[in-house]
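Undergrad: Sequence:
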Amino acid sequence: MTVQSDLSFVGTGRLFMADRSTGAYIDVGNVSAAQLSPQEQTRELPDYTQPGGGLRNSLSRITSVNFELTMRDFTIANLARALQGSGSEVTAGTMTAEPVTAAKGTALIPLPFTDLSAVTVTDATDGTTTYTGFTVTGAGLLVTAGGDLETAIEGSTDGLDLEIDADYGAHGAVQTLTEAGKEFSVIFDGLDEAQSGEPYVVSMHRVKFSPTSALSLITEDGFGELPLTGRLLADSSKGAGLSQYAEIRRKSVS
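According to the working numbering, the sequence shown is numbered sequentially starting from 1.
Honestly, the hints are just simulated from the structure, not real lab data. Note that the structure is predicted; figures quoted are calculated from it, not measured. Among these hints, one or two may not hold up.
With a straight-line cut-off of 30 Å between C-alpha atoms, the simulated DSS-like cross-links for lysine-lysine are [unchecked claim]:
id	residue 1	residue 2
1	K182	K238
2	K238	K251
3	K208	K182
Between the sequences and the hints, there should be enough to build the whole structure, so can you do that?
TA: In structure tokens, the structure reads:
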């Protein structure tokens with residue numbers, strides 16, 4: 001009698017995604033959960049010939065296969081995927097005479113760049129008066145209560161026109177919900193820790209993701225996460241005898 005060798009599984013590894021329009025596989029980073037979930041539709045025919053019922057026949061069809069993962073690295077690329085948007089890297093530069101109108105009662109003056117330094121705020125009306133009553137934040141300028149900038153804003157009629165000069169560092173930006181319907185190829189370059197780290201590879205040929213169900217902004221406990229769910233679509237380019245959806249490879253153990 002042949003006894004099946006132990007082939008239990010404890011998975012770990014890295015996920016790579018490629019926009020199918022470019023083909024470049026990008027490391028997703030730290031992923032705390034990933035799984036494939038086939039969805040089934042079942043039709044059943046009761047047995048009407050016997051007292052007490054029973055099941056005469058059943059028909060099962062796979063309606064879809066979901067791919068669910070939880071990303072833990074909030075990279076520009078991951079945020080873009082999660083929010084069906086486009087990501088870009090903004091190179092460091094200088095903002096010169098950026099026109100801003102500070103409305104009366106405002107606490108924050110938003111600016112279009114992040115990582116600001118060497119900030120100068122000038123009254124646009126006379127072009128010479130400068131203000132120092134502010135604190136630089138990631139979003140812009142936080143107006144100091146009781147400072148010269150707040151006093152000038154509150155003393156204006158319809159808000160205070162300003163010109164802002166500043167240097168800004170390199171940073172990333174994501175334009176959300178601008179690229180719906182993208183398709184990705186996904187590779188799980190995994191290891192089976194229960195089998196001394198043997199390779200466990202899953203290739204998903206076509207995956208279309210829904211937007212993330214939640215984007216963490218403030219987290220009371222633990223670290224933020226980016227949950228994502230996609231569906232496997234058929235790849236008609238695969239030849240006869242090959243799955244149009246996914247392939248799993250692992251070392252054989254006899």
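Undergrad: When the structure is checked against the list of hints, which entries are broken? Sort them ascending.
TA: The structure breaks none of the hints.
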